[in-house]
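Asker: Listed here are the chains, written in short residue letters.
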Amino acid sequence: MVQEVVKNACPYCEEQFRELNALKSHLERAHPPKAAPPVWGREVYPPPKGMAFIDSDVMKCVGCGLCAEACSMKHFGVINKDFARIHIRKFLLPLPKAIIVTCSQCQDEERPCEGACPVDPPAIYFDKDTLHMVVNEETCTGCALCKEACATEAVRFNPDISDAPLVCDLCDTENNGKREPQCVQICPTTALYFHNQDERGRPLRDMSRRSADEKAEMVAKRLYPLTRESIAYPPWNPDTIQRGSENGRDRI
Amino acid sequence: MAEIEFSLLEVDLTTKTNRVIDVTDDVHAYLGGNGLGNKIIWDLVPTGTNPLSPENILHIGVGPITGLVGTKVSCSFLSPLTGWAGEATISGYIGDEIVRTHYNAGILIRGRAESPVYLFVFNDQVEIRDASFLWGEYLVKTENTIRDRLYRETGMEFAALCIGPGGENLVRYANAATENVHSASKSGVGAVFGSKNLKAVAVKGTRTPLYADHGKVWELRKTYAMHPVTALQKNEEWGRYGASDGMRALLNYGGDPIRNAHSSWDPVADKSDHISHELSYRAWADGCPGCATPCFMPFFKNTPYGAFSGELRHGNTSGLCGNAMMGYDEVEEINTLIEELGVDAEDIQGHIAWAMDLYEHGIITKKDLGGIDLKWGDRDATIELVKKIVYKEDRAPAAMAEGYWHAIGVFGKESAWYAWNSPSNASIPRYDVRNKEHGMALPYGTRHSDGMGLFDSATICLFSSFPFYAIWGPPNEVIRKFLNTAAGWNLTCDGIDHISRRNNLLGRCVSLREGYHPRKDSNLPERAFDEPVTNKYGKTWVWKREEWEDEKRDYFVKALNLSERGLPLKAEIERLELEFVIPELESLDAVE
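Line by line, the protein sequences are chains W and B.
Letter by letter, the first sequence follows residues 1 to 252 in our numbering.
Letter by letter, the second sequence follows residues 1 to 592 in our numbering.
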């Protein structure tokens, strides 16, 4: 039996054509091309549903600060890193190293900012419906106790823009559940990512909740088996070798 | 669209006063950075000023688009190396902080402090503070101390532009550095800091940058940061290897001088390239504010005799590779010291290779060098020599600390043939001028200053700009687009060309006023005509004198719009609205 090959079949419907031109005009008429999404790549990945928070890969971060600017642009419509809920700290170890500070949307058991709020109910709280931190600007007194409670320094205050604390709301500014973190989208080195917390059933975020100082210390340790002082003053200077031994630290 | 205003912070170290000047009109005419800096030099510095005297100025210049996409600061002053227009560019956080103090035309420093001081700028709070306790300290300690103190005082992370012992001892090619790896190197900016008794400039700004339309600026940034071309640059090229990317090709094809430019290829060149750097010692990548293609690849190296850290870039800090018969292994260690002492790596590395050459030919002796046996590629001897140059000890190193012109006077005429320096008294440790493939001979041979007209006036980064061309078009168009978006101007293509040529010409006029003349100062080193070099694949390069004269004349006339002799044309000066320079240049016979 000879199988008949249909050359000009429409891939979208049942119709067949003898001429290629007829197929083309059919495609243009019946199946117009859909506009391609005006995106480059990262935004097409859907953000995770459910519990999630913005995590950072410290060693990938180069300190460009675009994340902080994206944040201030989203929330206040201006470019100013100091209005942002995410921020970059620059350490000299003595090599320059940028460390990102993000809010890890702590689990219920450990959420010091909410616990420190003197207002009842707390003005800074975790919204169980939209799954991120929210600040109630009407009841907030601006006492900054939440800032002091947060070891990560993720709660920030800037009197130039607001009396209420700045804390990451996953870019859900309306608090209606539409979360699309701008910092994650813009990060050119993909050092920031939207971390799905439910994925492996592990609610703890202690690793990403370290303070920037602590993280810098760890980076320094990993690279420098010597003490920080001995790195800062290279050992070919005889003066510093003497000064170093006064501190009780011997150099290799 | 609202137009923004530009203000300049003027600090007088002699009288300990400061004031803010509105320079909006000047910024319209010259942009910021080096363009505005040269105008300030022309207006404020008397002709014939000694660059190390209090009358010299130091303009730490930013512009309307500093920090928009990549951050650059362009310092302008009279160069201690030449006495002509001086320019040194630096990247890093400092530019972003200056813009965010709202001194968006930069900081102008005049006079001289009685004792060592550092300048403290925190938004509108400006103080001149004592820095005696830091005088004599190495760069990293200086910066760490200042940053630590100010962090405790204000809770803010300051950017500090500091000098090391090189600048304090007025080494003519001293630099000023920030964040350990960024350095304003050229023209001896550190010596100008030192001559003013200024150890550091610490700046922090927390204000919103003045942009005409933040939404449009953000669109520009977002396009750049998320564009596939940027990702390519980040992952495959500069963002991976830093500025050493492409070094292997240069070394193989005779692009870089070897053995103080006596040769163009040697097996020692195999010891240094971007791959060995990446695999052996690169710690991580570090970038400037707003830049999505970070090109700083700091290295760290722990050895039994010490820990070394810093940054290697082709063209800046890796100038010893090959030229002094070394590889990255040695250069990394020497370079750590050079960075700590605060001298321009490029210049001092040229001097070191020159010293090795002179020592080999018996023009300087072991006694001149204070007992150093300076053999090619000797790491320990080089480290000793670097220290002696910076602290000006012994005859030869002390002479070399004053630059080539002075040192040739001390060593005698026969040393001049071995010197491999540009007409602006700077070393050429990278980019062999005999190689006609990369075409660096004309820029080096006709150079009077290190300012790059449009780029240094607009304070746009040359290294971050490669993706821009794929996204927006040629450099002038990119800068026009940025300026119009950020400052709310309506510049046309002709307008940007006008500004570009005006700034180039003004820089040249400042140098002409201070004694530069193309008749005597536009030449290649003698050896470019006398000594052919051959690259790895057998191709030989050398300049013929007539050929050079022809090329130079063409370059002056066609590229720079000057006369055949390399002097500004009156009609061109008038076209570019620089009439104020004519009387002074006419008296010097420097205008046609």
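Simulated from the structure, these hints should not be mistaken for lab results.
As the structure is a prediction and not an experimental result, all values here were calculated from the model.
Just so you know, even glycine gets a beta-carbon here, dropped at the ideal spot from N, CA and C.
Some hints could be false.
Straight-line C-alpha distance at most 20 Å; calculated EDC-like pairs for lysine to aspartate or glutamate [as the list claims (entries may be wrong)]:
id : chain 1 : residue 1 : chain 2 : residue 2
1  : W       : K60       : B       : D148
2  : W       : K60       : B       : D213
3  : B       : K222      : W       : D82
4  : W       : K90       : B       : E564
5  : W       : K74       : B       : D213
6  : B       : K141      : W       : E180
7  : B       : K520      : B       : D554
8  : B       : K301      : W       : E180
9  : W       : K90       : B       : E157
10 : W       : K60       : B       : E153
11 : W       : K74       : B       : E477
12 : W       : K90       : B       : E572
13 : W       : K147      : B       : E236
14 : B       : K222      : W       : E217
Just a sample of chain W residues kept apart from chain B, beta carbon distances all over 12 Å, derived [unchecked claim]:
id : residue
15 : P11
16 : C64
17 : E69
Distance windows between CB atoms, simulated [unchecked claim]:
id : chain 1 : residue 1 : chain 2 : residue 2 : range
18 : B       : A249      : W       : P33       : 30 to 36 Å
19 : B       : D124      : W       : M51       : 42 to 48 Å
20 : B       : S115      : W       : F157      : 36 to 42 Å
Asker: Could you run down the list of hints and mark each one as holding or not?
Answerer: Hints, verified against the model:
{"no.": "1", "hint": "W/K60 <-> B/D148", "result": "25 Å, violated"}
{"no.": "2", "hint": "W/K60 <-> B/D213", "result": "31 Å, violated"}
{"no.": "3", "hint": "B/K222 <-> W/D82", "result": "19 Å, holds"}
{"no.": "4", "hint": "W/K90 <-> B/E564", "result": "51 Å, violated"}
{"no.": "5", "hint": "W/K74 <-> B/D213", "result": "14 Å, holds"}
{"no.": "6", "hint": "B/K141 <-> W/E180", "result": "42 Å, violated"}
{"no.": "7", "hint": "B/K520 <-> B/D554", "result": "18 Å, holds"}
{"no.": "8", "hint": "B/K301 <-> W/E180", "result": "41 Å, violated"}
{"no.": "9", "hint": "W/K90 <-> B/E157", "result": "7 Å, holds"}
{"no.": "10", "hint": "W/K60 <-> B/E153", "result": "30 Å, violated"}
{"no.": "11", "hint": "W/K74 <-> B/E477", "result": "28 Å, violated"}
{"no.": "12", "hint": "W/K90 <-> B/E572", "result": "47 Å, violated"}
{"no.": "13", "hint": "W/K147 <-> B/E236", "result": "41 Å, violated"}
{"no.": "14", "hint": "B/K222 <-> W/E217", "result": "32 Å, violated"}
{"no.": "15", "hint": "P11", "result": "28 Å, holds"}
{"no.": "16", "hint": "C64", "result": "5 Å, violated"}
{"no.": "17", "hint": "E69", "result": "7 Å, violated"}
{"no.": "18", "hint": "B/A249 <-> W/P33: 30 to 36 Å", "result": "43 Å, violated"}
{"no.": "19", "hint": "B/D124 <-> W/M51: 42 to 48 Å", "result": "44 Å, holds"}
{"no.": "20", "hint": "B/S115 <-> W/F157: 36 to 42 Å", "result": "38 Å, holds"}
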